[in-house]
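So you can see what is in the structure, the chains are spelled out below.
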Amino acid sequence: MTNVADTAPGQAQAPPRTSIRGLIAATEIDLRLFGMLVALAALLLTFNILSGGKFFHPTNMVTLAVQASGIAIIATGMVLVIVSRNIDLSVGSLVGIIAMTYALLMTEILPDVLGLPADFPFRWVIALGMGIALGAAIGGLQGFIIAYIGVPSFIVTLGGLLTIRGFVWYLSSGAAVSGLDRDFQLIGGGAIGSIGGPATWVVGIIGSVAIIGLLINGRRQRRRFGFPLRPMWAEVLLGAIGCIAVLGVAAFANANLWPQGLANRIAIEQNWGPAPAGGWKIPTGFPYPIMLLIGVTLVMTFIANRRRFGRYVYAYGGNPDAAELAGINTRWTILKTYVLMGVLCALAAAIASARLNGATLDVGQSYELYVIAAAVVGGTSFAGGIGTIPGAVLGAFVLASLAYGLSFIGVNSPGQNIVAGIVLILAVGFDTFNRRRSSS
Amino acid sequence: MSIRRMTALTLGAVLVLAACSSGGGATTAPSTGASAPASAASTAPSASAAACTVAVSWNNYQQPRWAKNDQPNIKKTVEDGGGTYIDADANLSNEQQLTDIDTLISKGANVLILLAQDTKAVLPGLQKAKDAGIPVIAYDRLIEDSSILYITFDNVAVGKAEAEAVLAKVPEGNYVLIKGDPGDPNASTFLPQGWDDAGLKAAVDSGKITILNGPDGTFTDAWKTEKAQQNMEAIIDKAVADGTKIDAILAENDSTALGVAAALTAKSYGYPPLSGQDGDEANLQNVAAGIQYVDVWKNANELGKAAGAAALELCKGTAMASLALPDGLVEASVAPAAGLTAQPFTTPDGNTVSSFILQPTPLTAENLNLAVDGGWITKEKLCEKVTATPPAACQ
Amino acid sequence: MTTVAAPPLVEMRGVNVAFGGVHAVEDVTIDLQAGEVVGLVGGNGAGKSTLMRVLSGARPADSGEIRIDGKPVVITNPRDAKAYNIETIYQTLALADNIDAPANLFLGRELTTRLGSLDDSSMEAETRKVMGRLNPNFTRFALPVKSLSGGQRQAVAIARAVYFNARILIMDEPTAALGPAETASVRDLIRQLKGEGIGIFLVSHDIHDVFDLSERIAVMYHGRIVDIVDKADVTPDEVLGMIILGKRPKEASQTELAQLELGG
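Those sequence lines, one after another, are chains A, B and C.
Here the first sequence is numbered in our numbering, starting from 12 and rising by one per residue.
Here the second sequence is numbered in our numbering, starting from 542 and rising by one per residue.
Here the third sequence is numbered in our numbering, starting from 4 and rising by one per residue.
Don't read these hints as lab results, they were simulated from the structure.
As the structure is a computational prediction, the values presented were derived from the model and not from experiment.
Glycine included, C-beta positions come from ideal geometry on N, C-alpha and C.
Be aware that a few hints might be false.
[To be verified] Listed next, with one range per pair, are the computed distances between beta-carbon atoms:
1) A:Asn59 / B:Ile752: 19 to 25 Å
2) A:Trp343 / C:Phe22: 50 to 56 Å
3) A:Pro69 / B:Lys617: 35 to 41 Å
4) B:Lys749 / A:Leu169: 26 to 32 Å
5) A:Tyr181 / C:Asn19: 24 to 30 Å
6) A:Phe45 / C:Ala187: 24 to 30 Å
7) A:Ile305 / B:Pro931: 40 to 46 Å
8) C:Asp30 / A:Arg446: 20 to 26 Å
9) B:Gly755 / A:Ser377: 20 to 26 Å
Using the sequences plus the hints, can you model the full thing?
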C-alpha cells in the first residue's frame, strides 16, 4: 500500500487483485482481526486434536464463551482506557465490591432495610441499577483524580485496587454471602439462564438482516458521495460470510441441549408428559451472559467509532496536544472513560455473582491482569491511539480458550499460567514485529 | 517532579492507613469496652487463680470468628475460674502486635494468649513476656519457640475427616479432586496426606476409585472460588464428553467447594457428595440444602475454652508439660485424640513444645445441629436455602 | 504606523507570558486589520510562537488584554479562540497521527447526524471538496495521517484552518516542511485568503516569504517587540539587522552594522 501514492482520485485504494492479500484488501476486511480469528480457530482445533475430538462440542464452546464473557466485557472498556494512554488496575476490585453489593442488597439491605421481599417484582433490576450507579461513581471518582488533579492513572488505580478490595472485606465482615434472586441468577447463564432455541434463531436472523442492511447502506452512502465502491463480488462475499457465520453460531448454540436430568425434572414439574424416545432435546441457545456480551460489544463499538466521545479518545491517544489544541475537553473525555469502566465492571460483576449465586471476598481478584492481557492480545498498544473493541473481545476469547482448553485436557494451573504468559508475549511480539515491518 | 510524586504517594498512604485504622478501631471498641478494667494488683508470676489476669493479643479482629466464638469462650472460662480477662487487637500489623504485648504486660498480665500475625516477627514480644516471667500460649497459630504452649486444631485430621466422610458415602467410583493454591503446603501436602490417611490412596491403588482429573487433581490459584468454578465446569464438560459420571468430589476447603457447587448448579449436573472445611456460612447453608455433603468444622468455641482453662492452670504455676484440661470442659468429639493432658509436639523448625491438638468436627446434614447449638450459625441463616426435605437441624 | 477609523480586527495589549523566571513574552502590544497580513519574525526563542499560542488559546497569557473588533475578550483555551473564528496552523501541525484526514479536519467540530452520531460520509465528502482545492492529488482519505507525506499532512492542517470560516488566521511556519511547488501554492492561498478579508498573522523564518506576503512586519527579540514596520519603509537587510541585533536600524551603531555586513 506504500507505493500507490498519487494516482488518479477515486481508484487509488484498489491494489492489483493478483495476490490473496490483494483480494482480501479489496473486501476492506481488517487484516489484523482476520488474523486473530484464524489464530483462535487454530487454537480450538489444537485442543480438539489433543482431546481426541471431544473439545469442539457445542456444550464446551458455550461454557468457554460464558467463562470469557466477564473479562471480555471489561476489556471493551480497557481498550478505550489504554488507547487514551492510561491504565485501570482497579477493575478486579471494582468487580469484587459491586458483586458483594449485589449479594448484600439481595440478601440483607433490600429485604431488611428497605422492606422489599424477594418476590418484589423486578427487585433484581433495582439491585442491578444500584450496582451500576456504584460502579459509575467509583469510576468517576478515580477518573476525576486522574484527569483533573493529574495523578498518574497507574498510581490512582493501583491505590483503587488495594482500597476497594479492603472495603469488600469490611462490607461483608470477611464472609461469603450467598442466595441471590432467581431472576438475577439467570444473568449467569447455564441451561435455564439461556434465551432458548426460537429466540436464538430470531437473534441470528436479526443479525443477518442487520449485516445485509449495513452493507447496502454503506454502498448507498459511498455512491451518494461518489466515493470509490467495493467491488460487487466483495460485497456479496462479505454478506454471505457474515450471514453464514451469524446463523452458524446460532445453530451451534442451539445444538447445545438441556442436561437430561434438568429436562426430566422440569418435565415433571410442568407436566410435559412422558419423555420422548432418546430423551428430551431442548436447545439452550445463547446464554444471557453471551447476549449481554454481544450487546456490550455492539454498543462499545458504536461508541468508539460513531460517537464524538470515541473519536476524542482515539485522537487524544494519537496526540494529546493535538486533541487539546483542537478544542477537545480532554479532561472530561478521560473522566468519562473511567465512568464507562465502572459501568462495565458492574455488568461483569453481575455475571460473576450470578454464576456463584452470591459473592465471595475474592470475586474479581486478578481480573485486571486478564483484562489488560485481553486488550493487548487483541491489538491494543500501550503507546496509545491504537486498539479495537472486537479485537479485545477476541483477545478475551483467546485467553479463555487457553484456560478452559488446558483445564479440559487436564493441564494444571501452573501449566496454564505458563502457557498464558508465553501466549501474551508471543502475541504482542508478533504484533510489534508486524507493525515495524509495515511502517518501514 | 519525583519529590512531588513521592509526597503524593506518602499522602495517599497516610490517608489509606488512617481509613483502615479508624475502621479497625470501630471493631476493637466493643471488645476493649467489654473487658474488665486492668487489675494492677498483682504482677507476681505465681499468683493464685483468683488473682489471675489472662491477656489475649489478637492479630486481627475482622474475621468474624474471633469476636463471635473464640473471645467469648476464653473470657467466660477465665472469669468463671475467678480470673480477669484483658485483650488488644493488632489489626493485622506485626508492629502493632509488639506494642500490644508491651501494653498487656504493663497492665499486669499473668498469662499471655497470642494469636500471632507472624510466627517469627512476634518473637521479640515473646522474649519480653519471657523476661517478665509470663507463660505464653500460641493460640491457633504456631510460634517458633520451645517455651510456648501450642493450642490448635489437627490440620492433617481435617483432610482425613473430609475424605473419611465422602469415602464412607461413596466407597468406589469416579472422584474429582479440587485442591487449593499450588504454593500452599496445606493444599499440596497436608490435606492430601489426610485424604490418603483416610484410605483414598489405597482405594485408587486397588482400582476401586478412579481420579477423573489426573493423579494430582486440579489446583486452584489463591483458593479462588471463581477459578474453582471455571476448572470444575471444564471437568464436568470433559466427563460428559467422555461419557463418564462424577460420583464424588473432594474439595480441600470451603471457598473451592463453593465454586464446585456453583459449577454443578450451572451445569444442572446434580450434586454428588462434596467435601469442604471451615464451616463458612454459605457452605453450611449448602450442606443443609443437600448441595455439599460434608463440611469439616473447627469448633472455635472449644478451642477458646481449652485456652482459657490452660491459662488458669498456668497461673497456678503448673509446668506446661504436666498441664491437663478439666474433664468435660471441652466437648468429647472435639477433645484432643491424645487425651486431656498436654502432649509434646515437634514444630517444623525442630522445637519441641507442649500442646493440645483438638479434633475437627465433620458436619453433615445429620449433625448440623452441632453448629447451631455451638452458636456458630443461627438456625434461620442455616436453613435459608433449604427447599426440599429439610435436615434435622432445620425441622 | 497606519491609523484606521474602524477598530482593528485583533489587538493584543501589554501581553506577558513567563515560564518560570523566564519572560517568553514581555509587554507585547500588536494589532491586525481585516484583509491584512502581519509578518512576525525573530530568532529562535524570540517569543513569536508563544505570542501566537496566547491568541490561539493554547497558552493563556499571565497578563494583558486581547480585543477583537475593539471588544475585550477572554481566551483561556482553544475552544474560546475558535469561538472568535481564530484558526491556527501550528508548526507541529497538531494532527492526531492515528486517525484519518477527515477525522483530523473535523476534530472537535465533527459533523453529526440528527441522532448525534458521527457523519463520516459527509465529513469525507467535505474533506474531498476542500482538499481538492488545496492539493488536488490527495486521495488517501481513509488512511491514518501518519502514512501521509509532509506536504500532505501540511495540507490537512491548512484545510482544517480554512474550512471553518476563519476571520483571523495564525500560520506558524506554514512552509517550513514544503518543497518549492507546494510553497508556491501556500503563498497563493495566503493571497487568496487575504483578498477574502481574513486577517493573517504569519510567523516565519523566511524573510522573503514575509516580504512577499505581509503588509506590516513585526520584529521580536527576546520576548519584546523591537518594532512594527510597514513593508514599504524597510529593506530585507534592515529587518534582518533588527532580528539579529534587537534594535531599530537608527539605534544601531555603525560598528554593529558593519559587523553584520561582514557576517552576512
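Structure-based check of each hint:
1. A:Asn59 / B:Ile752: 19 to 25 Å: holds (24 Å)
2. A:Trp343 / C:Phe22: 50 to 56 Å: About 27 Å separates the Cβ atoms of A:Trp343 and C:Phe22, which means 50 to 56 Å is violated.
3. A:Pro69 / B:Lys617: 35 to 41 Å: violated (59 Å)
4. B:Lys749 / A:Leu169: 26 to 32 Å: violated (51 Å)
5. A:Tyr181 / C:Asn19: 24 to 30 Å: For A:Tyr181 and C:Asn19 the Cβ distance comes to about 53 Å; the hint is violated.
6. A:Phe45 / C:Ala187: 24 to 30 Å: At 44 Å between Cβs, range violated.
7. A:Ile305 / B:Pro931: 40 to 46 Å: holds (41 Å)
8. C:Asp30 / A:Arg446: 20 to 26 Å: violated (49 Å)
9. B:Gly755 / A:Ser377: 20 to 26 Å: holds (24 Å)
Hint compliance for this structure: hints 2, 3, 4, 5, 6 and 8 are not met, and every other hint is.
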